[in-house]
Amino acid sequence: MNILTIEHLTRVYGTGPTAVTALDDVSFTVDAGEFVVIVGSSGSGKSTLMHLMGGVDRPTSGTVRLQGQDIFARSDEELAVFRRREVGLVYQFYNLIPVLDVVENMTLPVLMDGRAVNEDRLASLIQTLGLTGREHHLPNQLSGGQQQRVAIGRALMNAPAVILADEPTGNLDTKNSAEIMALLRSSNRQLKQTLIVITHDEDIALMADRVIAIEDGRIVRDERRA
Amino acid sequence: MNVRDLLREALRALEANRGRTLLTVLGIVIGIAAVIAMTSLIGGVQQTLLSGLGLNAARMVQIGTSSPLRETDIEKLGKLVGSIEFIEGTLSGFGETNVDDRQISISVTGTSAHMLEMTGQVKLTEGRLFNAQEEASGARVAIIERGGVKTYFSKPDADVIGKQVKVGNESYTIVGVADAASGGVGNDSYMNLIMPVKTVARGLSWLPQGSFDQAIAFVREGVDVETAVSDIKGALAKTQRVPEDEIDDYIWVYSMKAQIDSLKSFTMAFQLITGAVAGISLLVGGIGIMNMMLTNVTERIREIGVRRALGARGRDITRQFLMESIAICVLGGIIGTVMGYLVAWGIAIVVTNMGLLQSLSANGGSVTFAPAFSFVTVALAVGISVAIGVLFGFYPARRAARLDPVECLRYQ
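Chains as they are written, first to last, in the numbering used here: chain C, 1 to 226; chain X, 1001 to 1412.
No lab work stands behind these hints: they were computed from the structure. Note that the coordinates shown come from a computational prediction; the quantities given were computed from them, not determined experimentally. Hints are supplied without guarantee of correctness; some may be wrong.
[Said to hold, decoys possible] Facing chain X, a subset of chain C residues (Cβ under 10 Å, in silico): (1) PHE28; (2) PHE82; (3) VAL99; (4) LEU100; (5) VAL103; (6) LEU108; (7) ASP120; (8) LEU122; (9) GLY144; (10) ASN158; (11) MET181; (12) ARG185.
Note that beta-carbon positions come from the ideal geometry of N, C-alpha and C, so glycine has one too.
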């Protein structure tokens, strides 16, 4: 079943002679529960693609459909609500709120939505992520790997339709990288969580169901593995 | 996100930059402290002055006529003018006496215990007021003013309750000692006594029995005193058959409204000046807040991007930054309020001890005053703080909300 449909997606930054085409007529679909890795060198348009799929940015043309719904048909306000509920974002630099502790960071999207925190889910996530005993630590009291686990917890908290991770291991050592990827992989396997990871790490690409390569804003390779 | 979560985050963010927060908050602290100190000091001075005039001064009307006021005139007036709550005649008398070889002039005021309570011009410090039986029978009792104790008994702190004081050929028993807020001048050869009206009428007044030299009326709360004054004039003219165009030659009706109004306009002018000073410091403080919030937005640009990406709407960002500027202003307001009262108390103590308010006292006695604490002022201070927070926080907050989330996320 296809969960994400991307059609003729184009994003041009700026206008006139200084205009830069970051993404040029990109189309593909992602099945529910699939683990897709998008590879490409820096400046290839991977991050632009991720922001468009996450509804953070709007395209110059083209559509993104999540579960059949055109996300850019929504108003800015509706799009914000969509991001809270349907997408989980993980960044290279963790991007935790420095004044909030582990639990507060993880529950931020839920609180933004004005809903009650599902305490059972929170507790099981904290345990799975190995953050037990650090619930009330601030981000600067945690190691990089721990901070990234909090970010993953934050992304998973709302049980989103899709997790988008932009270089989630880019700032971590090999051991922590392997742990983080194992966590993401297991959520993909056990919870049938659709997972899209942007990376330039070939080892990560080997773990995926499918690898899409982007160069200069275009898809140059799309391989499904058996 | 509910207000509690927002507030918690705002306070954390402010705490994370404690030094900058404290410096920024100073502007608001000074402004609010100025507002509180000035309003409470002016309020205190006003209360002192008004209580010098008497408790119900604003409602009090003094009535006199060129011919003696008869008891029946006063009764009719009370019935004819609906706005009068209470009216009573007063009588003054005069006498002389010799103590040792000094001659003392004594002025006597004839009134009732109820009238003394209503005007509040006499503050009993020892003994009691007259009782009903003494007032009805015209008993020979008197209240002596503090200055008179010294005049008559040569010692200002003598225990005089129950002692006799002689006026002319008669002796009067002292039942109370009072501090007079007005007219209580005492020196070596002159003193004041207060007695029941009937007592004065029996031997100290030259007026015929049943007459008074003036009446004092209190109009009901909320009634316009000026209207009451003209009603009283009209009614009195009718009962005394004074022609319309000669009313002012025969009848005098005064209220203290004019004095109170001028006092109020004086304090109002003062309040305007200090309000302007406070306004300027609050403006400067507010600009400081705006400056800090703009810096704040720039520093946290990445955080803003993350929040947007996680699903914060523009208005969630606006609310978050607004809450921060409101929190800092309210914090300043609270500190400023406390400081303002401390300053006001300090000034009040200095002013009282230096006797700077002596000239405001009718009898030359010492005047003490305390800053007026009012919840209205505190509410005003908090209100102003919130208003400044919103006013000067709005622009930075809107700016934060309008930032492009992708740009923010790219910002390193």
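For each hint, the structure was consulted:
Proximity of PHE28 (chain C) to chain X is violated relative to the hint, the smallest CB-CB distance being about 21 Å (cut-off 10 Å). Interface hint at PHE82 (chain C): satisfied, since its Cβ lies 8 Å from the closest Cβ of chain X, which is below the 10 Å cut-off. Evaluation of the VAL99 (chain C) hint against chain X yields a held restraint, the C-beta minimum of about 4 Å falling below 10 Å. Checking LEU100 (chain C) against chain X by beta carbon gives a least distance of about 7 Å; that is within 10 Å, so the hint holds.
Against a cut-off of 10 Å between C-beta atoms, the interface hint on VAL103 (chain C) is violated, since the closest Cβ of chain X lies about 12 Å away. Interface hint status for LEU108 (chain C): upheld, as the beta-carbon distance to the closest one in chain X is roughly 6 Å, under 10 Å. Evaluation of the ASP120 (chain C) hint against chain X yields a violated restraint, the C-beta minimum of about 21 Å exceeding 10 Å. Given the 10 Å rule on beta carbons, the hint for LEU122 (chain C) is violated: about 16 Å separates it from the nearest Cβ of chain X.
Look at GLY144 (chain C): its Cβ only gets to about 16 Å from chain X, farther than 10 Å, so that hint breaks. Annotation: interface hint on ASN158 (chain C) holds; nearest CB of chain X at approximately 9 Å, less than 10 Å. For MET181 (chain C), the suggested interface contact is broken, since its CB lies about 22 Å from the closest CB of chain X, more than 10 Å. A least Cβ separation of about 23 Å between ARG185 (chain C) and chain X goes past the 10 Å threshold, and the interface hint is therefore violated.
Against the hints set out earlier in the document, violations occur for numbers 1, 5, 7, 8, 9, 11, 12.
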